[in-house]
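**Student:** These protein sequence lines are chains R and B, in that order. Position 236 of the first sequence, counted from 1, bears residue number 236 in our numbering, the numbering being contiguous throughout. Position 210 of the second sequence, counted from 1, bears residue number 210 in our numbering, the numbering being contiguous throughout.
To be clear, the hints were calculated from the coordinates, so they are not data collected in a lab. Keep in mind that this is a model prediction, so the values were computed, not measured. We treat Cβ as the ideally placed atom computed from N, Cα and C, and that holds for glycine. Treat the hints with care, as some may be off.
[What the hints assert, rightly or not] Some residues of chain B that are not near chain R, with every Cβ distance over 12 Å (derived): (1) Leu-131; (2) Ser-164; (3) Ala-258; (4) Leu-357; (5) Val-372.
[Unchecked claim] On the chain B side, residues computed to face chain R include the following (Cβ under 8 Å): (6) Leu-70; (7) Thr-71; (8) Leu-76; (9) Arg-77; (10) Met-79; (11) Gln-80; (12) His-83; (13) Asn-90; (14) Phe-110; (15) Gln-112; (16) Met-127; (17) Asp-187.
[Claimed, not checked] With a straight-line cut-off of 25 Å between C-alpha atoms, the simulated SDA-like cross-links for lysine to any residue are: (18) R/Lys-311 x R/Pro-88; (19) B/Lys-104 x R/Asn-309; (20) B/Lys-104 x R/Arg-377; (21) B/Lys-248 x B/Lys-104; (22) R/Lys-311 x B/Asn-140; (23) B/Lys-104 x R/Asp-227; (24) B/Lys-104 x R/Pro-8.
Single-letter residue listing:
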Amino acid sequence: MAFGNKVPLAWRNLTESKPRLFASVAGAAFAVTLMFMENGFRNALLDSMVNVIERLDGEMVLVSPTLYTLAAPYSFPLQRLVQAGDFPEIESTSPVYVVTRTGFWRRPDTGEQVRACVIGYPPEDDALDIPELKENRDLWSRPDTAMADLESREDQFGAFEPGMTSEISGRRIEIAGTFSLGINVQTNGNIVMSDRNMMKVFPELDGPSLMDRKVTVGVLQVRPGADLDRLRAGLRAALPPDVRVLTKDQFITQEREFWDKVAPVGTVFLIGVVMGFIVGAMICHQVLHADISDRLSEFATLKAMGYSNAKLLRVVLMQAFYLALLGYGAGLLVSVFLFDWVHRATSLPMDLSRNNPLAILALTMVMCLGSGALAARSLVSVDPAQLFA
Amino acid sequence: MSSASLTSTMTRAVNLPAGEDVVIRAVGVNYAYGTGETRTQVLYDNTLEISRGEVVIMTGPSGSGKSTLLTLIGALRTMQEGHLEVLDRNLSRASEWGRVQLRKQIGFIFQQHNLFSSLSALENVRMAAALTATSFQEMNQRCLSILERLGLADRTHHLPSELSGGQRQRVAISRALVNRPRMVLADEPTASLDAESSLAVLDLLHELAEGPDKTTVLLVTHDQRVIDRADRIVKLVGGRIVTNTLTKVALRICRALAATESLQGLSEVTLSRLANVMTVETRAPGETITRQGEQGDRFYTVGSGVADAYKDGHFDEEKCYGEGFGMISSFFNRPVPTTVVARTEMELYVLAKDDFLQALAEDRSFEERIRVMLANAPSTEAVEP
Numbered sequence: 001m002a003f004g005n006k007v008p009l010a011w012r013n014l015t016e017s018k019p020r021l022f023a024s025v026a027g028a029a030f031a032v033t034l035m036f037m038e039n040g041f042r043n044a045l046l047d048s049m050v051n052v053i054e055r056l057d058g059e060m061v062l063v064s065p066t067l068y069t070l071a072a073p074y075s076f077p078l079q080r081l082v083q084a085g086d087f088p089e090i091e092s093t094s095p096v097y098v099v100t101r102t103g104f105w106r107r108p109d110t111g112e113q114v115r116a117c118v119i120g121y122p123p124e125d126d127a128l129d130i131p132e133l134k135e136n137r138d139l140w141s142r143p144d145t146a147m148a149d150l151e152s153r154e155d156q157f158g159a160f161e162p163g164m165t166s167e168i169s170g171r172r173i174e175i176a177g178t179f180s181l182g183i184n185v186q187t188n189g190n191i192v193m194s195d196r197n198m199m200k201v202f203p204e205l206d207g208p209s210l211m212d213r214k215v216t217v218g219v220l221q222v223r224p225g226a227d228l229d230r231l232r233a234g235l236r237a238a239l240p241p242d243v244r245v246l247t248k249d250q251f252i253t254q255e256r257e258f259w260d261k262v263a264p265v266g267t268v269f270l271i272g273v274v275m276g277f278i279v280g281a282m283i284c285h286q287v288l289h290a291d292i293s294d295r296l297s298e299f300a301t302l303k304a305m306g307y308s309n310a311k312l313l314r315v316v317l318m319q320a321f322y323l324a325l326l327g328y329g330a331g332l333l334v335s336v337f338l339f340d341w342v343h344r345a346t347s348l349p350m351d352l353s354r355n356n357p358l359a360i361l362a363l364t365m366v367m368c369l370g371s372g373a374l375a376a377r378s379l380v381s382v383d384p385a386q387l388f389a
Numbered sequence: 001m002s003s004a005s006l007t008s009t010m011t012r013a014v015n016l017p018a019g020e021d022v023v024i025r026a027v028g029v030n031y032a033y034g035t036g037e038t039r040t041q042v043l044y045d046n047t048l049e050i051s052r053g054e055v056v057i058m059t060g061p062s063g064s065g066k067s068t069l070l071t072l073i074g075a076l077r078t079m080q081e082g083h084l085e086v087l088d089r090n091l092s093r094a095s096e097w098g099r100v101q102l103r104k105q106i107g108f109i110f111q112q113h114n115l116f117s118s119l120s121a122l123e124n125v126r127m128a129a130a131l132t133a134t135s136f137q138e139m140n141q142r143c144l145s146i147l148e149r150l151g152l153a154d155r156t157h158h159l160p161s162e163l164s165g166g167q168r169q170r171v172a173i174s175r176a177l178v179n180r181p182r183m184v185l186a187d188e189p190t191a192s193l194d195a196e197s198s199l200a201v202l203d204l205l206h207e208l209a210e211g212p213d214k215t216t217v218l219l220v221t222h223d224q225r226v227i228d229r230a231d232r233i234v235k236l237v238g239g240r241i242v243t244n245t246l247t248k249v250a251l252r253i254c255r256a257l258a259a260t261e262s263l264q265g266l267s268e269v270t271l272s273r274l275a276n277v278m279t280v281e282t283r284a285p286g287e288t289i290t291r292q293g294e295q296g297d298r299f300y301t302v303g304s305g306v307a308d309a310y311k312d313g314h315f316d317e318e319k320c321y322g323e324g325f326g327m328i329s330s331f332f333n334r335p336v337p338t339t340v341v342a343r344t345e346m347e348l349y350v351l352a353k354d355d356f357l358q359a360l361a362e363d364r365s366f367e368e369r370i371r372v373m374l375a376n377a378p379s380t381e382a383v384e385p
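All chains should be modelled from the sequences, with the hints used to inform the complete structure.
**Tutor:** What follows is the structure, encoded as structure tokens:
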């Protein structure tokens, strides 16, 4: 914190007045927190939208060519999955049925109907890599049973408890157990049931024959060592155009990009980050400009003594650098608490470590140093001759 | 422009630099603020030479241009017209970088202390020392030493807000002097100081000027305590240097004039006015200074040495310290009354015709004294001041 290895002028100027320091750091921290939160919301949103896909226990998937997001599920015939299973590289296949628009849970305590995301698949396939579902496979294989997501919004769905009975889309269902998956902006609660029960509750998924069942996602488990690109090309060549072959990563990317750019909820939050940056830059500029204005005569004296504009600019930039560090530290601390609070309040996957803290630090530095450079313009134009006026 | 040609523009004794080592040389300096219709000229054709080690006071009414001239000398402004050389650097052609480098050799003291309120007294002084220091220890030692010299040894770690007005100004002065600058430019440096602190500051400035560094000190001040101890007083009025007096020379001339019989009783103001327009000349033994019967245009006053005056070829009298001779024939309508020959090495104070006429026009008591001399003198007798 030394100036020219001699005097810590920038640090002293920043910390001279404790109330002003507090206000300055609070301003910078506010901007940092805003950027963290907006970026956090964006990431949480995108993460939550691929929550189900990430847990699919397979390396490749089959989906309808018209499916652009799992929130608006389109289907393809089960026969395609059977055809894919004929490939020697495929170890196993599993049909996953998803209903997002027509699945309603009736709250046992209020009788109120709440829209839920209902997912169905053969329990023995373990298509979702969720421990509670695997462990309690026998329980929810029974007729008219389902598993409920404990992270569903309790204020809308009530508290799920094993053994409780109610209705899903008008059909009586017993909650066999619970699991943890998480909600997203489209879904406030999740229900998982067997494919057989799924067909009973949502007969529209069934077809004239078993092979005509309307599958939303076909999960393909590939044998170890198989070349995914080659297999994908082979599947695309072999299967009719009413089905699309994607790797799991491609499926995740497609889903994220939809919500990020097409929806464009992600862009909205990105604009929030930019707004946080702009607000922070304005606050930092105001703080540094006010400080420079208060000390203009002193800086002019330094200029008269022989300090160059570059050296004076360095003082202001150092001050901006310290402000960035302090503001970032305070903002990070506040964000840790806010992320936890938002996660507990909304069940959104708010994860600070996935929020690229270094990128926010870089943004904070650019924000403060840029503001400092702008504020320092008055230093360049200050005329030391006026001190003799 | 050579030193000789510049010096020839200033022949009056009190205008000349005190020594040969000239550090400020200004010739025909003009300066104006604004352009076009808003252009206001504040300096007009100013010429000035100051040598190393002089303590110079710049006085003048508000708006006379003294601050502008000081800021030009301090390389705080860009030159517009004329020639200005400061510390061997030609400021008429200096770049911004060149002016910054020059300013590192100058100590600035402002009316306001302009100390960083966030830094202690020692750190404020370090800000200046850091420009030239070779090591932290050496820098610290210099800073502590100058603060101690100005009576702030027990205030080094105090913030400006914890110091009195006088103490703050002394810190600012320490900051200006810590690098042992070749030149000090000060604007009312003792304005906020008590008598004791002022004395300490003045002692320090004189010590710098008289010491081995022979620092040149330029001060804008109205403080009589400072003016009394100046080597040179430069007075500006309306953007022009109206008085440029090397006080030691002026004092010497004034004393010699006061000893002159015909000028006795004239006020100090009148004598110093005369002194300001006189030149100093030296003569070797045997050298003829005036010749009887010639048309003269100068009056002489003996500053030192002895001369012999002859009338009609015969020794008439001895001319010693304070005695005058010579004639301005066109005014008194008389030729030079005596021939004067230097007997020893002599210093003479010379009043030329134009300056004599100017003094007559400007000073009523001098004009009356000359009129009385003319009235009392017989028509055939020589009139010598």
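**Student:** For each hint, tell me whether it holds in the structure or not.
**Tutor:** Do the hints match the structure? See the list:
Annotated as non-interface, B/Leu-131 brings its C-beta within 12 Å of a C-beta of chain R; the closest such distance is 5 Å. B/Ser-164, annotated as away from the interface, keeps every beta carbon of chain R farther than 12 Å; the closest lies near 19 Å. Residue-level check passed: B/Ala-258 sits 38 Å from the nearest beta carbon of chain R, beyond 12 Å. The claim that B/Leu-357 lies off the interface holds: its Cβ sits roughly 38 Å from the closest Cβ of chain R, which is beyond the 12 Å cut-off.
At roughly 48 Å from the closest C-beta of chain R, the C-beta of B/Val-372 stays outside 12 Å, upholding its exclusion from the interface. Residue-level restraint check for B/Leu-70 holds (minimum Cβ-Cβ distance to chain R is 6 Å; threshold 8 Å). For the restraint placing B/Thr-71 at the interface with chain R, the shortest Cβ-Cβ distance is roughly 4 Å, inside the 8 Å limit, so the hint holds. The closest approach between the C-beta of B/Leu-76 and any C-beta of chain R is roughly 4 Å, which is under the 8 Å cut-off, so the hint is satisfied.
A least Cβ separation of about 5 Å between B/Arg-77 and chain R falls short of the 8 Å threshold, and the interface hint therefore holds. Hint status for B/Met-79 relative to chain R: violated, with the closest Cβ pair at about 12 Å, above 8 Å. At a threshold of 8 Å, the smallest CB-CB gap from B/Gln-80 to chain R is about 13 Å, leaving the interface hint violated. The criterion of a C-beta within 8 Å of any C-beta in chain R is not met by B/His-83, whose closest approach is roughly 20 Å, and the hint is violated.
Given hint, B/Asn-90 at the interface with chain R, is violated; its Cβ is 18 Å from that chain's nearest Cβ, farther than 8 Å. Because the beta carbon of B/Phe-110 sits about 5 Å from the nearest beta carbon in chain R, less than 8 Å, this interface hint is met. Evaluation of the B/Gln-112 hint against chain R yields a held restraint, the C-beta minimum of about 6 Å falling below 8 Å. The restraint placing B/Met-127 at the interface with chain R holds, with a minimum CB-CB distance near 6 Å, inside the 8 Å limit.
With 8 Å as the threshold, the beta carbon of B/Asp-187 comes within range of chain R, its nearest partner Cβ sitting at about 5 Å, so the hint holds. Simply put, R/Lys-311 and R/Pro-88 have alpha-carbon atoms about 71 Å apart, too far for the 25 Å limit, and the pair is violated. Between B/Lys-104 and R/Asn-309 the alpha-carbon distance is near 14 Å, which keeps this suggested pair within the 25 Å criterion. In summary, the hint linking B/Lys-104 to R/Arg-377 is supported, as the alpha carbons are separated by about 23 Å, within the 25 Å threshold.
With a C-alpha separation of about 30 Å, the suggested pair B/Lys-248 and B/Lys-104 falls outside the 25 Å cut-off, and the hint is violated. Taking the CA atoms of R/Lys-311 and B/Asn-140, the gap is about 21 Å. The hint holds against a cut of 25 Å. Note on B/Lys-104 and R/Asp-227: the hinted pairing is violated, with a Cα-Cα distance of about 73 Å set against a maximum of 25 Å. At most 25 Å may separate the alpha-carbon atoms for a hinted pair to count; B/Lys-104 and R/Pro-8 meet this at roughly 21 Å.
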